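Enquirer: Assembly of the complex is requested from the two constituent chains, each provided in isolation within its own frame, with the hints serving as guidance.
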Amino acid sequence: MLSAANIAQILMSGLLMGLIYALIAAGLSLIFGLMDVVNFAHGEFLMTAMYATFGLVVMLSLDPLILSPIVAAIMFVVGAFCYRAIIVHAMRARTNVGMVQVFATFGLAIVIRGLAQFAFTPDYRSIPKSWLGGQTFSVLGVYMPAPQLAGALASLIAFGALWLLMKKTDFGKALEATREDAGAVGLVGIDRNRVFAMGWGLGAALVGLAGAILSIFYYIHPDVGGPFALIAYVTVALGGFGSVFGALAAGVIVGIVEAVSATVLQPSMKAIGIYAVYLLVVFLRPRGLFGNL
Amino acid sequence: MATAFEIRRRNQLIIAAVVVAIMIALPLGIKDVYVQNILVLTVMYAALSQSWNILSGYCGQISLGHALYFGIGAYASTLLFVKFGVIPWFGMAAGGIIAAAIALIVGWPCFRLGGHYFTIATIVLAEIGLILFLNWDYSGAASGLQIPVSGDSWLTFTFLRSKLPYYYFALGLAAVVWLVTFFIEDSKWGYYWRAVRENTIAAQSLGVQVFRSKMAAAAVSAFFTAVGGSFYAQFVSYIDPDSVMVFQFSLLMALPAVLGGIGTLWGPALGAAVLIPLTELTRSYMGGGGKGIDLIFYGAVIMIIALARPEGLLSLVSRTRHAPP
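Residue numbers (this note's numbering), protein chains in the order written: chain R, 1 to 293; chain Z, 294 to 618.
Please keep in mind that the hints were generated in silico from the structure rather than gathered at the bench.
Keep in mind the model is a prediction, meaning the values are calculated, not measured.
Treat the hints with care, since some could be wrong.
[What the hints assert, rightly or not] In silico EDC-like cross-links for lysine to aspartate or glutamate, where the CA-CA straight-line distance does not exceed 20 Å: (1) Lys270/R x Asp535/Z; (2) Lys173/R x Asp191/R; (3) Lys270/R x Asp430/Z; (4) Lys584/Z x Asp223/R.
The shape of chain Z in the complex, shown without the other chains (with noise of 0.2 Å):
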């Protein structure tokens, strides 16, 4: 006999295999560049956020300089192809592993840190990354690298024509990051994860091991981001520091989790369907002359939903919490 839990666990499954089944088959209708591209970016996002989730949304470390994960990614896969021909495939498991080491090497001191202190702390090694890399002349500094594009190969994960292999990637990497929650979510982590961010010291009294908590929950947080950003270089084929790193970037990462619900299975995925089309939407219909009226219509959207529903878009779906409690 299975129980209620065991129950609702499979049926997430079947909504998730639903939900990839409809994702698959949407953009074959679909000609139109443009749509594509919105396509790839809310997916994308999607993954990013999930990532972004599985520290700030089930660990309660509310990070703002995942930026510096998303960059590291594009830079090592970018450096790797363009100086040494190593094909993106690899570079995107280097700048997974990498970024997850850095992860690991700055939580060691920052996961000392509580609250707001923490935040800040990951906005300023963000920030630092920003410069260095702004700075750093092999990697072109400030101007940036052009990933060489010689025509449509999966081996160099180069696409001129068509968007949908980029599409289905990230469609991909989306389904990943959101099984590998899944499977946290009902092991032993995913309950110490919840058990420090609803109460780090009484988690501690139980026996919870907080630090080596918060490091897992940083180091898959961090390689999957990283892997976003191998893909979005691959995806856009020219990176700069300005475009793959800033402050900025790290605010829109969390956003889709934060609008769609923070720390839930579907609350990224959901929040990125809505934001994201939503903006690349508003900027080409408003924001035209430069007027600024897509900014506005834009931040009160993000205003609204934040002030209207702060528990997160999901819970008009459902009224119950998808985590085990």
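If we strip away everything but chain R, and leave its shape as in the complex, we get (with noise of 0.2 Å):
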């Protein structure tokens, strides 16, 4: 019989886990919502920020938490890089727009898995020593592992920071802007281009930030970002694509909804949860929970 302690460490560590998705979709979000992009390399994105993380961790021999906005700031050239080098090819496509894009995204995804065996091989790695590893915090008799708790409140505190961004900056009026109308912006001086490529950087930083974080308690490896991804792409649909915040509550639902299937039905069994919940929302709503598409 579950009781009452159960429920609550099962919610909380769903709560926990899901903000970390969260994170994960952020990224994927932001930038589906600017232009468009399912961008199919954002697990391997997610992988080099694994492995950017590890690799400065045996260099510097700093802590990953420390090092976290350092790999979210490498993260953010590498997406922009990305940008520039590959996806505004993609958008000059006159045919067939979308497909392009999606395996231009793979092809990348597929470079990136093909660079990291070449580096690191395919490997099992872990951050063998770090401040939080292995760490765990109780309140009221709810454990909270430390890494995951880190992860949660880094994702709240993204969220919150992206939230200033977009209502109270000029970048974020011109995110706004560029979102609601890609040509027109041009008219009033906004360079599109380079509002996207800002994009691009900020989507991969967020996924970088919780690469840094999930390095401390996941196993690092080049085939580490799939599951992820698909976790993350089902989320931003359930959120309803181009609504980040949308995806903030996607991610919560899909975290809870795990660890309720996980015990519900077997651990090996709890993504069909997820799925299932995927599915009823958008034959319900057809336009995800918070879509305005």
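Expert: See below:
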């Protein structure tokens, strides 16, 4: 029988993991909302960030938590570079734009995976020692693993910062305007390529932050991104394409549903709960929870 | 007097007959099993990608979950063969029918969804299938099923020594799917599908039965994908969920059509002819040592083709669209 303490524990684990899923999905959602591109290399961005954290930990002997802003900054550059080098060309396609983007980013994903294998071998890596690794907090009998708690807090801070950026700065206004009408913003002097590149950088930086924290408690290998990316696609669609804060709500729902179905079904079938909820939601609301497209 | 359109259609058939004749003769001088293997995979992907093309290319409903139908085909014929001794030819038909039925059942709610919501739903459904098969003990769960191979036999469709019988079956399948696409292209449904793809709302206002068009395309597409799955199971004689139902596989099925020319008669075949030998050769010549060089090369090729030829490789060969306007 499930006691109240058990239920509280399941909900707490789900909430923490859900906020991390939301952080992973945030960048995907941002890029999609901005320019209607589903980035199939999103999982590989996450993997890149985890290796970057691993490499920096080995080189500098600093804690992943301190390195996480640096990793996010590195990923910003990676994301903006990918836009300038690849995506901008996919946007130029006159026919078949959707599939070109899917497979251009899919090709990019395979290249990144190949590069990771080349540089680090397919072996599993892990960060042996960190401040938070293996630590646990307990509040009223509910346990919270420290790395997950840090990830959840980072997620909330990142969404807060994103909200401020989008509502209070000129860049945020440019972002919003470009999202509304990418053609017309040129008339008011906004360089849309610059906004798109910033959007890609920002999206990659968000997933970079998630990767830095995930690397504390997760094995790092070239294929680590796949399952997380799949959850991120479902999260973004569940929240509604184009709604960044829908992704926050959807991430939390996904995390809790996953934790509950791991208990109710069996751990190996926990993802079915997430998928069932996605299907249920879009069958009732074909544009996701907060979609406005 | 034949119209220009009728002449073009007839020329398509002549080209197809010539291509098939060449493909029949091609492996006769080849004894190398490795090369035979590449040929089998190439024609198999041409068939699979054409099947995908029917729903996603012609009707415009982008599915990235076709691994579900492929896996259902593979498991249907293999389970019937291993557990009940039913020969794979019946299993193949059963798999195709089951897959088409499932496509209709899931299509009923899914075809109300638009764009990316539909695509994500197809991914999700295939993943649910994958997890169910990974946990289904009767079908061997994660460790899969082995098809007993006693010797060369057309009855049980198993061959030990030569891969040529598999090649000719796959070629036949690719030719059949091509012919089906060819005839549908000029039928009522073919025009409905393209109308749905180009502008669903406009099509509806002109009296096109949008929902039934999508359902028909899904059923045909799933049927042939499942037949391809049964074939693949016989060809490799061992299947597990991770080899026949993973997401990656859905992408690989779509790739030849997209790179060759989505929504065209020849795109999938052309894409497969370029892509599959390239994949296999890079894997064996660059993949040694697990250094990932094969992946870097392969990924770069996909990216370059997608960016340089957004309308597909077919546009290099012909400037005119093969599909009637």
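Enquirer: Each hint should be assessed against the structure and marked as holding or not.
Expert: To see whether the hints hold, each was checked on the structure:
| no. | hint | result |
| --- | --- | --- |
| 1 | Lys270/R x Asp535/Z | 17 Å, holds |
| 2 | Lys173/R x Asp191/R | 13 Å, holds |
| 3 | Lys270/R x Asp430/Z | 17 Å, holds |
| 4 | Lys584/Z x Asp223/R | 14 Å, holds |
In terms of the numbered hints stated before, the structure departs from none.
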